[in-house]
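**Student:** Chains as they are written, first to last, in full-length UniProt numbering: chain G, 1 to 338; chain W, 1 to 338; chain B, 1 to 338.
Hint data in this document are derived by calculation from the structure and do not stem from the laboratory. The structure presented is a predicted model; accordingly, all values stated were derived computationally and were not measured. A few of these clues could be false.
Using 25 Å as the maximum straight-line C-alpha spacing, the simulated DSS-like pairs for lysine-lysine come out as follows [stated by the list, open to error]:
| no. | chain 1 | residue 1 | chain 2 | residue 2 |
| --- | --- | --- | --- | --- |
| 1 | W | Lys282 | W | Lys194 |
| 2 | G | Lys77 | G | Lys7 |
| 3 | W | Lys282 | G | Lys282 |
| 4 | B | Lys282 | G | Lys314 |
| 5 | G | Lys194 | B | Lys314 |
| 6 | W | Lys77 | W | Lys282 |
| 7 | B | Lys194 | W | Lys314 |
| 8 | G | Lys314 | W | Lys314 |
| 9 | B | Lys282 | G | Lys194 |
| 10 | B | Lys282 | W | Lys314 |
| 11 | W | Lys77 | B | Lys194 |
| 12 | W | Lys7 | B | Lys194 |
| 13 | G | Lys7 | W | Lys314 |
| 14 | B | Lys77 | B | Lys282 |
| 15 | W | Lys194 | G | Lys314 |
| 16 | B | Lys77 | G | Lys194 |
| 17 | B | Lys77 | B | Lys7 |
| 18 | B | Lys282 | G | Lys282 |
| 19 | G | Lys77 | G | Lys282 |
| 20 | W | Lys282 | G | Lys77 |
| 21 | B | Lys7 | W | Lys282 |
Among the chain W residues that face chain G by a calculated CB cut under 10 Å, a handful are [what the hints assert, rightly or not]:
| no. | residue |
| --- | --- |
| 22 | His23 |
| 23 | Arg24 |
| 24 | Thr290 |
The beta-carbon is built from N, C-alpha and C at its ideal position, and this holds for glycine as well.
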Amino acid sequence: MHDTTLKALADRFGLTLRGDPDHRVGSLATLASAGPGDVSFLANPAYARDLAECRAGAVIIGEDLAGRWSGNALISKNPYASWARIAAFLQPLPAAEPGVHASAVVAEDAQVDPSASVGPQASVGAGARIGRNVVVGPGCVIAEDAVIGDDSRLVGRVYIGPQCRLGERVLVHPGAVIGADGFGLAMDAGQWIKVPQMGTVVIGDDCEIGANTTIDRGAIEDTELAEDVRLDNQVQIAHNVRIGAHTAIAGCVGIAGSTHIGSYCMIAGACGIGGHLSICDKVIVTAMSTVLDSITEPGEYGSGIPARPHARWKRILVRLGQLDDWVRRLRRLERNQS
Amino acid sequence: MHDTTLKALADRFGLTLRGDPDHRVGSLATLASAGPGDVSFLANPAYARDLAECRAGAVIIGEDLAGRWSGNALISKNPYASWARIAAFLQPLPAAEPGVHASAVVAEDAQVDPSASVGPQASVGAGARIGRNVVVGPGCVIAEDAVIGDDSRLVGRVYIGPQCRLGERVLVHPGAVIGADGFGLAMDAGQWIKVPQMGTVVIGDDCEIGANTTIDRGAIEDTELAEDVRLDNQVQIAHNVRIGAHTAIAGCVGIAGSTHIGSYCMIAGACGIGGHLSICDKVIVTAMSTVLDSITEPGEYGSGIPARPHARWKRILVRLGQLDDWVRRLRRLERNQS
Amino acid sequence: MHDTTLKALADRFGLTLRGDPDHRVGSLATLASAGPGDVSFLANPAYARDLAECRAGAVIIGEDLAGRWSGNALISKNPYASWARIAAFLQPLPAAEPGVHASAVVAEDAQVDPSASVGPQASVGAGARIGRNVVVGPGCVIAEDAVIGDDSRLVGRVYIGPQCRLGERVLVHPGAVIGADGFGLAMDAGQWIKVPQMGTVVIGDDCEIGANTTIDRGAIEDTELAEDVRLDNQVQIAHNVRIGAHTAIAGCVGIAGSTHIGSYCMIAGACGIGGHLSICDKVIVTAMSTVLDSITEPGEYGSGIPARPHARWKRILVRLGQLDDWVRRLRRLERNQS
Chain G
1 MHDTTLKALA DRFGLTLRGD PDHRVGSLAT LASAGPGDVS FLANPAYARD LAECRAGAVI
61 IGEDLAGRWS GNALISKNPY ASWARIAAFL QPLPAAEPGV HASAVVAEDA QVDPSASVGP
121 QASVGAGARI GRNVVVGPGC VIAEDAVIGD DSRLVGRVYI GPQCRLGERV LVHPGAVIGA
181 DGFGLAMDAG QWIKVPQMGT VVIGDDCEIG ANTTIDRGAI EDTELAEDVR LDNQVQIAHN
241 VRIGAHTAIA GCVGIAGSTH IGSYCMIAGA CGIGGHLSIC DKVIVTAMST VLDSITEPGE
301 YGSGIPARPH ARWKRILVRL GQLDDWVRRL RRLERNQS
Chain W
1 MHDTTLKALA DRFGLTLRGD PDHRVGSLAT LASAGPGDVS FLANPAYARD LAECRAGAVI
61 IGEDLAGRWS GNALISKNPY ASWARIAAFL QPLPAAEPGV HASAVVAEDA QVDPSASVGP
121 QASVGAGARI GRNVVVGPGC VIAEDAVIGD DSRLVGRVYI GPQCRLGERV LVHPGAVIGA
181 DGFGLAMDAG QWIKVPQMGT VVIGDDCEIG ANTTIDRGAI EDTELAEDVR LDNQVQIAHN
241 VRIGAHTAIA GCVGIAGSTH IGSYCMIAGA CGIGGHLSIC DKVIVTAMST VLDSITEPGE
301 YGSGIPARPH ARWKRILVRL GQLDDWVRRL RRLERNQS
Chain B
1 MHDTTLKALA DRFGLTLRGD PDHRVGSLAT LASAGPGDVS FLANPAYARD LAECRAGAVI
61 IGEDLAGRWS GNALISKNPY ASWARIAAFL QPLPAAEPGV HASAVVAEDA QVDPSASVGP
121 QASVGAGARI GRNVVVGPGC VIAEDAVIGD DSRLVGRVYI GPQCRLGERV LVHPGAVIGA
181 DGFGLAMDAG QWIKVPQMGT VVIGDDCEIG ANTTIDRGAI EDTELAEDVR LDNQVQIAHN
241 VRIGAHTAIA GCVGIAGSTH IGSYCMIAGA CGIGGHLSIC DKVIVTAMST VLDSITEPGE
301 YGSGIPARPH ARWKRILVRL GQLDDWVRRL RRLERNQS
């Protein structure tokens with residue numbers, strides 16, 4: 001943990017300081033719980049009410065709300081981003097020790113950069129390449145010929161399949177499976193025949209892959225994530241999907257095979273997106289929606305239904321089932337009236 | 001496996017015995033397959049039809065249904081709970097051998113109680129503490145400074161993140177990931193900036209966490225499960241969620257960040273619950289519903305739609321899309337008629 | 001990788017060759033990217049447009065479309081199945097080395113066939129039996145008394161619970177958990193009591209289990225998959241479910257306890273299927289549908305709603321909430337008119 005002055009923080013992160021430049025801070029807290037040694041932040045106006053009682057050593061805040069806070073302020077155009085950077089600076093992750101743990105298994109012809117850390121019980125397959133400062137956490141499995149780019153971190157118990165390639169600064173959370181076979185089956189004479197999945201997974205720089213998320217290898221060509229794609233936990237990406245740069249996908253979303261998603265899209269939690277679709281850039285899909293058609297216009301889309309009290313919802317379901325009948329009756333009324 | 005008399009079972013579990021007190025039983029079976037050495041049970045009246053042919057050595061049964069069974073009966077006010085206790089007594093889990101397996105890796109300054117069992121290929125990080133009688137199954141990863149309370153059991157291949165704390169008698173199934181980073185991102189100049197996730201996960205006594213379930217660490221403060229919370233498989237709990245005591249959540253449910261769920265709630269399978277909501281005590285959410293608003297009254301809520309034959313469902317979808325138009329036409333009819 | 005002539009391929013796989021029998025091929029590619037050494041295929045007529053520019057050494061193609069391709073053709077009644085077989089033949093998986101890796105832990109009384117391969121960091125529990133040519137990949141955990149049939153492959157980081165039995169040629173992808181406890185709870189005096197889960201999981205020959213998929217052990221009797229059942233990633237199968245032969249289930253589907261699903265069913269992605277249901281043979285469920293009633297007739301069923309632009313969808317939601325009111329107004333109109 002660092003301990004520094006507000007002036008040093010303002011200088012380092014390009015913020016306007018209002019208050020005591022020599023005040024020292026070293027830790028981080030919410031507005032409600034912060035003390036004099038803490039930095040806090042206000043990004044969501046709903047929390048402005050917490051400013052009244054706030055005892056933080058400094059608050060990262062936008063110019064619009066700074067008037068509501070009389071203490072030390074680090075004024076930012078983007079308080080949440082400034083918070084992200086200052087938090088990472090004040091509480092950096094502990095550095096992993098370089099080298100291969102005695103219990104890890106590294107194939108003879110795998111290349112592990114000396115600056116990389118391979119943790120307990122990890123295994124690295126033949127021909128795999130582990131870049132500079134990479135952290136391969138405990139229990140990870142890196143299959144043969146996989147490539148992990150510089151400064152990437154596999155937190156623990158991650159599986160990377162054969163020939164898959166991760167860019168630089170990729171962060172993969174525990175339980176993620178990158179490069180299992182896609183779901184390819186041909187029916188013949190009443191039996192399923194497995195279709196070999198010969199592509200790989202290629203992940204761009206600065207991507208983040210959530211816990212227990214799965215990304216299948218391509219059938220012939222590769223499954224691809226461009227740079228800065230962010231996947232939350234338990235996301236399922238099927239074979240040959242392509243996801244554009246800076247797209248963020250929340251937890252429990254499933255994307256079926258061969259669908260292409262543009263850049264700067266945001267898919268909310270638990271959505272299902274069908275196969276062989278094309279979703280253009282800057283599409284937002286709201287929670288628990290089902291996307292079954294390609295989308296060619298940026299904007300917000302959805303089909304999720306908010307829950308209601310059960311009795312009311314049951315009545316709506318009955319009406320929904322009768323819709324066709326009601327429409328018929330309505331048409332008859334129109335005919336009679338005309 | 002124990003072998004005991006019906007009298008001993010009735011005495012131990014506070015049940016009323018009807019029949020032969022000296023009859024010996026040692027195993028467990030369904031009504032349909034039980035033989036004279038087996039205990040069975042009837043909790044769901046739908047299975048009362050199986051009593052006719054039943055050959056069980058004893059049936060755990062409620063007073064209301066006991067008249068329909070002529071054999072030995074262990075009469076209980078709560079047959080299912082009595083079954084749970086008797087089954088656990090007659091077929092206890094094999095005890096794990098205390099001690100650290102030769103292949104496990106335990107950091108020098110980790111504390112492992114001598115009564116605990118650390119299985120093959122497990123790893124325990126620096127500063128972690130493993131309590132009395134804890135079982136850390138094969139392939140588990142316990143990160144630095146995590147705390148596992150007495151009598152807890154991590155079945156195998158479980159990941160517990162840094163500083164996370166599990167209470168006593170917590171049961172965690174394989175593939176669960178507790179304490180991965182929450183999904184916190186700030187957009188700045190067209191790039192995502194990762195927001196450090198500095199909170200942990202705190203899990204109360206007697207919780208059960210299903211296979212491949214994920215519980216994210218808090219952003220600043222902690223993600224919290226109170227005591228006796230029961231999560232099924234593939235549940236996703238985002239950062240800063242809090243779940244009250246005795247709440248049960250079925251498989252494939254996702255709960256978005258900062259939502260608070262009360263005590264004694266029951267969330268059925270595959271529901272999605274939005275972020276920053278507050279759900280009060282004793283709320284039931286039916287299967288595959290989407291909760292997007294806070295709930296302040298106990299009761300049952302839902303928005304799931306039961307599947308219909310495809311042709312019929314397609315027609316309903318068409319009508320759904322035209323609803324606005326039909327409402328307009330209905331209003332015109334009303335105007336014309338008045 | 002094999003290298004062979006088109007005549008040899010046609011003979012081996014029972015195809016009709018049109019073109020140069022001595023042409024040599026050894027690799028595989030899409031129509032759009034194939035060169036003279038590649039075999040490609042056309043199964044989906046939508047890709048027939050790629051034939052015009054195609055440079056493949058041979059195309060596996062149906063008789064109906066063969067006229068649109070002037071190059072070497074391997075004519076098949078089922079081009080996709082022929083492709084699956086030829087791809088597996090030309091690019092076979094690298095054979096795993098028989099034997100137990102030095103870092104693996106095998107219990108003394110476990111039986112591992114000498115032809116089987118047990119990879120790095122794997123562990124095999126007491127009494128487990130590993131059949132001929134089985135591959136137990138890196139980091140797998142096979143619990144006590146589990147049985148893995150001949151020629152099965154657990155790719156890596158798979159968990160197989162106590163007493164679970166896999167048939168022959170079963171393929172299990174990373175992160176899958178087979179045989180965790182089912183979700184069985186009895187409420188008593190305000191506390192949940194865990195109901196012991198004493199059944200196992202039995203999986204038939206030729207099944208495939210996707211990455212991070214979970215299959216719970218039965219409560220008393222077993223959870224069962226018949227032969228040739230294919231599960232995609234992140235599928236959740238609860239206790240005592242039975243699935244008939246040749247049924248395929250796409251990603252993110254959840255099936256609640258004790259439901260029986262017939263043979264040759266196809267469940268599309270992200271569906272939720274309720275508990276204690278019976279689904280007959282040859283049922284198709286479309287994506288993101290909720291099945292809450294038993295199905296007794298083969299055919300297609302669904303309740304998924306395709307996403308729309310948000311503003312339009314919000315208006316439909318409003319109308320949906322008012323449905324009951326509109327129906328009442330419609331009835332009044334009918335009364336007034338009559």
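**Student:** Confirm or reject each hint.
**Tutor:** So, going through the hints one by one against the coordinates:
Distance restraint check for Lys282/W and Lys194/W: the Cα-Cα separation of roughly 36 Å exceeds the 25 Å cut-off, and the hinted pair is therefore not satisfied. Using a Cα cut-off of 25 Å, the hinted pair Lys77/G and Lys7/G holds, with the two alpha carbons roughly 17 Å apart. A distance of roughly 40 Å separates the Cα atoms of Lys282/W and Lys282/G; the hinted pair therefore is violated under the 25 Å criterion. With a CA separation close to 29 Å, the supplied pair Lys282/B and Lys314/G exceeds the 25 Å bound.
With a C-alpha separation of about 43 Å, the suggested pair Lys194/G and Lys314/B falls outside the 25 Å cut-off, and the hint is violated. Between the alpha carbons of Lys77/W and Lys282/W the distance comes to roughly 23 Å, so the proposed pair stays at or under 25 Å and holds. Taken as a hint, the Lys194/B and Lys314/W pair is broken in the structure, with Cα atoms around 43 Å apart against an allowance of 25 Å. Under the criterion of a C-alpha separation no larger than 25 Å, the hint pairing Lys314/G with Lys314/W is consistent with the structure, at around 20 Å.
A distance of roughly 20 Å separates the Cα atoms of Lys282/B and Lys194/G; the hinted pair therefore holds under the 25 Å criterion. Taking the CA atoms of Lys282/B and Lys314/W, the gap is near 20 Å; set against the 25 Å cutoff, the hint holds. Between Lys77/W and Lys194/B the alpha-carbon distance is near 17 Å, which keeps this suggested pair within the 25 Å criterion. Between Lys7/W and Lys194/B the alpha-carbon distance is near 24 Å, which keeps this suggested pair within the 25 Å criterion.
Restraint check: the Cα-Cα separation between Lys7/G and Lys314/W comes to about 63 Å, which exceeds 25 Å; the hinted pair is violated. Restraint check for Lys77/B and Lys282/B: the C-alpha separation of about 23 Å stays at or below 25 Å, so the hint holds. Between Lys194/W and Lys314/G the alpha-carbon distance is near 43 Å, which puts this suggested pair outside the 25 Å criterion. Between the alpha carbons of Lys77/B and Lys194/G the distance comes to roughly 17 Å, so the proposed pair stays at or under 25 Å and holds.
Straight-line distance between C-alpha atoms of Lys77/B and Lys7/B comes to about 17 Å, which keeps the hinted pair within the 25 Å bound. Between Lys282/B and Lys282/G the alpha-carbon distance is near 40 Å, which puts this suggested pair outside the 25 Å criterion. For the proposed pair Lys77/G and Lys282/G, the alpha carbon gap of about 23 Å is at most 25 Å, so the pair holds. This hinted pair does not check out: Lys282/W and Lys77/G have alpha carbons roughly 43 Å apart, beyond 25 Å.
Straight-line distance between C-alpha atoms of Lys7/B and Lys282/W comes to about 70 Å, which puts the hinted pair past the 25 Å bound. Annotation: interface hint on His23/W violated; nearest CB of chain G at approximately 45 Å, more than 10 Å. With its C-beta approaching chain G no nearer than about 46 Å, Arg24/W sits outside the 10 Å limit, and its interface hint is violated. Here the hint on Thr290/W is kept, as its CB sits about 4 Å from the closest CB of chain G, short of 10 Å.
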